[in-house]
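Number of protein chains: 4
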Amino acid sequence: MAVNMKLVHDPIHGGIELDDFAVKLVDTPEFQRLRRITQLGLAFLVYPSARHTRFEHSLGTFHIARLIRERNPEIDEEAVYAALLHDLGHYPFSHTLECLFPRHEENTRFLIRHGEIGDVLMERFSLGEFLGLLKHPLVSGDIDADRMDYLVRDAYYTGVAYGLVDLERLIRNLRWDGERLILGEKGIMAGQNLLISRSMMYPTVYQHHTVRIASAMLCKAVELEGVELGELRKMDEVDLVARLRASERREVRELIGAIENRRLYKRVVWSGKELDEETIGELRKELESEFGHLALLDYPEKPRFEERNAFVEFNGEIKRLSEVSPVVRALVEAKESNWRWGVYARGDLVEKVRMFVSKRLK
Amino acid sequence: MAVNMKLVHDPIHGGIELDDFAVKLVDTPEFQRLRRITQLGLAFLVYPSARHTRFEHSLGTFHIARLIRERNPEIDEEAVYAALLHDLGHYPFSHTLECLFPRHEENTRFLIRHGEIGDVLMERFSLGEFLGLLKHPLVSGDIDADRMDYLVRDAYYTGVAYGLVDLERLIRNLRWDGERLILGEKGIMAGQNLLISRSMMYPTVYQHHTVRIASAMLCKAVELEGVELGELRKMDEVDLVARLRASERREVRELIGAIENRRLYKRVVWSGKELDEETIGELRKELESEFGHLALLDYPEKPRFEERNAFVEFNGEIKRLSEVSPVVRALVEAKESNWRWGVYARGDLVEKVRMFVSKRLK
Amino acid sequence: MAVNMKLVHDPIHGGIELDDFAVKLVDTPEFQRLRRITQLGLAFLVYPSARHTRFEHSLGTFHIARLIRERNPEIDEEAVYAALLHDLGHYPFSHTLECLFPRHEENTRFLIRHGEIGDVLMERFSLGEFLGLLKHPLVSGDIDADRMDYLVRDAYYTGVAYGLVDLERLIRNLRWDGERLILGEKGIMAGQNLLISRSMMYPTVYQHHTVRIASAMLCKAVELEGVELGELRKMDEVDLVARLRASERREVRELIGAIENRRLYKRVVWSGKELDEETIGELRKELESEFGHLALLDYPEKPRFEERNAFVEFNGEIKRLSEVSPVVRALVEAKESNWRWGVYARGDLVEKVRMFVSKRLK
Amino acid sequence: MAVNMKLVHDPIHGGIELDDFAVKLVDTPEFQRLRRITQLGLAFLVYPSARHTRFEHSLGTFHIARLIRERNPEIDEEAVYAALLHDLGHYPFSHTLECLFPRHEENTRFLIRHGEIGDVLMERFSLGEFLGLLKHPLVSGDIDADRMDYLVRDAYYTGVAYGLVDLERLIRNLRWDGERLILGEKGIMAGQNLLISRSMMYPTVYQHHTVRIASAMLCKAVELEGVELGELRKMDEVDLVARLRASERREVRELIGAIENRRLYKRVVWSGKELDEETIGELRKELESEFGHLALLDYPEKPRFEERNAFVEFNGEIKRLSEVSPVVRALVEAKESNWRWGVYARGDLVEKVRMFVSKRLK
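In order, the protein sequence lines correspond to chains H, B, U and G.
This note's numbering applies: residue 1 is where the first sequence begins, and numbers increase by one.
This note's numbering applies: residue 1 is where the second sequence begins, and numbers increase by one.
This note's numbering applies: residue 1 is where the third sequence begins, and numbers increase by one.
This note's numbering applies: residue 1 is where the fourth sequence begins, and numbers increase by one.
A portion of the hints provided could be inaccurate.
One copy or two, it doesn't matter: identical chains are merged, so the pair holds either way.
Lysine-lysine pairs mimicking DSS-like chemistry, simulated, CA-CA at most 25 Å apart [said to hold, decoys possible]:
#1 Lys319 to Lys266
#2 Lys234 to Lys359
#3 Lys319 to Lys335
#4 Lys352 to Lys273
Since the hints were made in silico from the structure, they are not lab data.
Construct the complete structure from the given sequences, taking the supplied hints into account.
Structure representation (structure tokens):
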């Protein structure tokens, strides 16, 4: 260990070494706040042990990014710190509130521009340059340090075996060609495995229907409470939950109470058949005016799962992994097969809501 | 899986099956509150990934207790539910606030007597009888379901290898003799290993000096805020942290802010040399009047580590494990060797406090 | 543990319990011989730690079969013992010598009919009936106890992550419908994962080109030595290797020496382009007459990977897993994409053989 | 990975990188022979999965040694190759035959002096110098690369949890002071754990009574067969077993057959009470003349377990670990508590031998 390295213990990677500059970044309030942002939002309602946070994941992503850069020293050193900060802007419960607010990447940029952490960064970089690096292939490709950490970590904390990925083989075989990470031939199987793993974690963990229900309830609570983006930007989970618990609106208190005591709404509809925009809008409005916060329409976007940025070297040529692997091709083609929209309602209203919806949609 | 079992996923035990009655107990607000009580309190400041909660641990303890009972059907069935509820009364951050308040066992009894969960229990038991079972050897021996779960779980979440324990061998070899769990000869090595593991987790995790410092700071914050037992009994970590953050006292806000941003006090004294009661009292008072909340005396009790209740069968006789194992004997004898008391102060005051203390103690 | 169970330690399953009858079967010379038949043949030349044997795998398959039967007591009890003995007939180095001899299943039947183990079996079964059970879906389906054990075990011993399979979820969700094992809806993802795992272990481990080369060399040595089926049936690896080392033919001694000292032939051709039968036959003959044992043609069968026997319950209907899973469909369709034939030659002859072959095949 | 590194897969360490010179050493017949020397001798009769060999262990020891040297570049580079070759001289079944022949270290020196591997070594070293390095603290201390590898590896392959050791923490905290490896304060707990682990692996695996019985039987077979040191030096397990199976002496064939079919002798005496030299000699002779190869006296040396070479840095001073750790002290003091001598006899003779022995020893 080089002098002045700080060592953080981590069950996934063993010891994660932080250099002085990384320590300074970690020691800002913005970064420490990530300790109070759970990695998987409300997934703990299905996988109780999934209580890990964006803090550990950020350290792990930094660690993998640095290992990749050690083998590819032409990669910008700054990109490794971008890996550390790539998730800085997550709202409480991670992706959950992206139903109401801009994606977290926007908030990452905001916090870097307006927080103490920006001052630290400016000791070494121009902020503009650094913000650009947040899209570096090291953390925003299809086979990147971000995914490599979260798949293994989420598998570890949920106990779901599908996220296991051969980190060592991937790290050994990723090569930087000046603008992309290319996976060498000996790493292709491991890369394919990473994409398969990801596709299996979606329905099993990330989009588990119970998680979807609880998330829809939280979105509704936050919406009713009228939390504004300006407030949310710096909130952690304590702030948000305390605010909802103390709400003046009974509906908000009911929703957060139901989530916390795991008295979740039930599925009334669970369907893979698309609706047109107009129907969606009307149904939402009618459900709301009839049942208020007691029935919720959850109509998510179709998953993007293009995997266009997984590049491999095969017989001396650079190809997309999907060109080389029929299985990856099948994954991309099947990406919508697990997509579902739903209507959820409080247990005692399920039958009533079902009739209401079926009348509306017939 | 028997009909009507509910399955909870857990990375330690795989699937944990809950029967209908266990589900009813788990579905009470008192039990769900455990999802918001971290197992290791402030240890996450050293082991960031240690974010697991009393909820998972309680389920895991129940699981192990049931496996032991499956091999020993003469054990009261109720004891298995006592295993499930044995940690119900933990305050926010688990043991941390036992510096100021009665031990959590008292609060477990209180919540059972005064919560919804008591109503559920009374469907099958008299409360008095049930409360007695909370001391059943299945969860309060030296080799019991409680320890067996927490050692393995804490090792898993911290990544510290010392807590690994051969659960299967222990479970296979525990035998109920009507009043005690006796470890058969083939399990002795595994039992010794459990006690060694526990002794190594203490300095490495549970009593790590950084955790001790943060805990002393939290105790001081709660004390200054004047939180009362009546309030604390049902609080979870959101309640407590939100209360401290919103305190009217600047000192309280400073303390909780320093913990959350990991700007922790430093060690001024760290000593294994005992002080007498009077000196302790005076030193505490003087530090307080001179430095207020900026310097803290932390003088813990000596560890109890008698291991008097680890019974084994050896050459046909029932013995204490410490009689049979020189290593366990050494552990018991050495139990105070890691004991330390400390004085901690805010970084900028370390030198000043050091001089003050050394003058006082010379 | 029931009375009279014998416990065998296993790193994959923990303790494997053997009832009295299983112990009797295991204690026969035929079964003990499996201790000296490595599970992965010559794969240890690439994965040095892959030294596990058919003995452990057979116990593990028995263990899983029994766990499945515990949840499906309508399955014949005999089938569990068939699981124990399903690999009894493997020759030294497992599948390797099936290049020259009948598949091992035939030898399993032979050993049961002509060994001590048959006498043990006849205490409880008619041999004819038992031999039929060797094709029971519990051990010869596409999602069966055999695969479930070997994928996890081979992953563990090679360190290749792809074979990891969620055994618990599979076992919990397999249901016997009287003639088939059906995977329930909650197990589909785990079943898909098993088939993916298997498909990835093939090129990575089982058909690794270095293993193929060494296997071709061993086949040639055994052929030249003129070992006969009658001799091979009961041989273990000590017998075979000692025989080859002591051969009167220099070529045989050279071949076994080269394998054992890892001085393997090199690839001259490695191609996925099929040849017709006639060309294959001629090429083989010409290589042999020109280079003797120093150049080898390895033209394997196309892989069978139909997965026609993986049944799942999906929306209340029984379907083939490939109907439900686009990924499994892709695996089946791509099953030949990793198929290769090769010509291998001793290092100093590579160029000469290359010219010879290219002239022949142009 | 540096250019020209060869990568060997290993489930314990992931990828083990071999430089060109290491590859040359590994590619000699003497080193490849280690593939056919099992690490734990006859322990597979109790732990069937313990089939790993000195080959993997040697690579793993080399790997750890190199990691330690990377942090301590003042260590002789040659010592790392000494780590690779430290077990070269093991006889078939590792320590088992040290009952009859000189310790394997002597044979390591012999093979280096008289094998192809010596020629390779002489490209870079003088042999005399190299032989001296086989005692380097990197591989012959009490906390060294050898132990660090074998404890973890033996735990992995047997499934016995006790050998788990925090390799990373040890490697990070070992410091070379010019003549010794000193464990830094942050590594003390991990070092203590290593010594505890080792002490627990002894009775559980290495000296398990069944392993002792089988080993005594093998020693007797080899003795009766009259295998000579000159022959044994280069034998692998195939050579030895084939020789014993083909012996002209019926007793030898019986013994090897009984081991291979796991029809092991039973314990007649199993005692921790010492005998004097004379009694031992007489008893051995009398047993032999009365029962021949059917009753065996196994009187092992007392274990050496001084742990005098585990040095730690504690409060700025270099101490022995046993000075600092009461548990290690207890281990050393208790080192003889598991020592036992035994008399074993074929199953049908147990009673007769028991009477014979008790008459002799009364």
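Hints versus structure:
no., hint, result
1, Lys319 to Lys266, "neither (45 Å within a copy, 28 Å between copies)"
2, Lys234 to Lys359, "neither (43 Å within a copy, 45 Å between copies)"
3, Lys319 to Lys335, "both (21 Å within a copy, 21 Å between copies)"
4, Lys352 to Lys273, "within (22 Å within a copy, 63 Å between copies)"
Hint check: violations occur at hints 1, 2; the rest are consistent with the structure.
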